[in-house]
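Given the coordinates of chain A, assemble chain B onto it according to the supplied hints.
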Amino acid sequence: MSEPTNEIREAIAGAIGEHEVILFMKGTPERPMCGFSARTAAALEALGKPYAAVDVLPDPRIRQELSLLSDWPTIPQLFVKGELVGGCDIVTEMYESGELAQVMGVEAPSEAPAEAPAAAEPGAPPMQIENKLA
Amino acid sequence: MPSPEQLKERIEVAIPDARVEVTDLTGGGDHFRATVVAPEFATMSRLQQHRRVYAVFGAEIGGAIHALSLETRAE
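Chains as they are written, first to last, in the working numbering: chain A, 1 to 134; chain B, 1001 to 1075.
Hints are computed from structural coordinates only; laboratory data are not their basis.
One should not assume that every hint holds.
The following label-pair restraints were derived from C-beta to C-beta distances [as the list claims (entries may be wrong)]:
id, chain 1, residue 1, chain 2, residue 2, range
1, B, Thr-1023, A, Glu-10, 37 to 43 angstroms
2, A, Glu-83, B, Gly-1058, 21 to 27 angstroms
3, B, Gly-1063, A, Asp-59, 14 to 20 angstroms
4, B, Ala-1055, A, Glu-30, 30 to 36 angstroms
5, B, Ala-1064, A, Met-33, 16 to 22 angstroms
6, B, Gly-1063, A, Pro-58, 38 to 44 angstroms
Examples of chain B residues toward chain A, derived with CB under 10 angstroms [to be verified]:
id, residue
7, Arg-1033
8, Ala-1042
9, Thr-1043
10, Arg-1046
11, Ser-1069
12, Leu-1070
13, Ala-1074
All residues carry an ideal CB built from backbone N, CA and C; glycine is no exception.
Bound-form chain A, shown alone:
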């Protein structure tokens, strides 16, 4: 029988592998619970490409295991094609420079260079890492 935390880590690794673009955040794109998560989600929304979002708040072990897996201490964390892109600062910089659109394989918004939008518009499907433990 595996350790409970490893089940969570496997679920996280699985989600990162299954979704081309996946954001781990506090809250949801519709209801972000932290300004950094809100700003990161907003940059993704502005690019218009669908992405998966995982709320780390329901279980503190999600955040703990995610950080062990990614070697990144803070939330949010954006993964594209299985690779960590970065947190809020890096994602915001990359959005403003057009690199984020490039990494995600979409057209950059035409009015460049744009400041990253301040808040997320609704649209992204929320997703849960399910805690199936007793």
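Positioned in the frame of chain A, the structure of chain B alone reads:
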């Protein structure tokens, strides 16, 4: 509660020849923004640069230091 000056000093001690500015974003002593310019960043990706600065504080990130927003570059 850490002060911006303490954070600045710790980064400067840990990263040789770093030029560091730290501001307290909220005045609450737990949300900070740091700009770090260091020669050793020249050979690192942005992801590695941020990891390097976060590593100075270890488990304090997310703990006593609730948030540390970073801007890093080589020169």
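List of violated hint numbers, smallest to largest: 6, 8, 9 and 13
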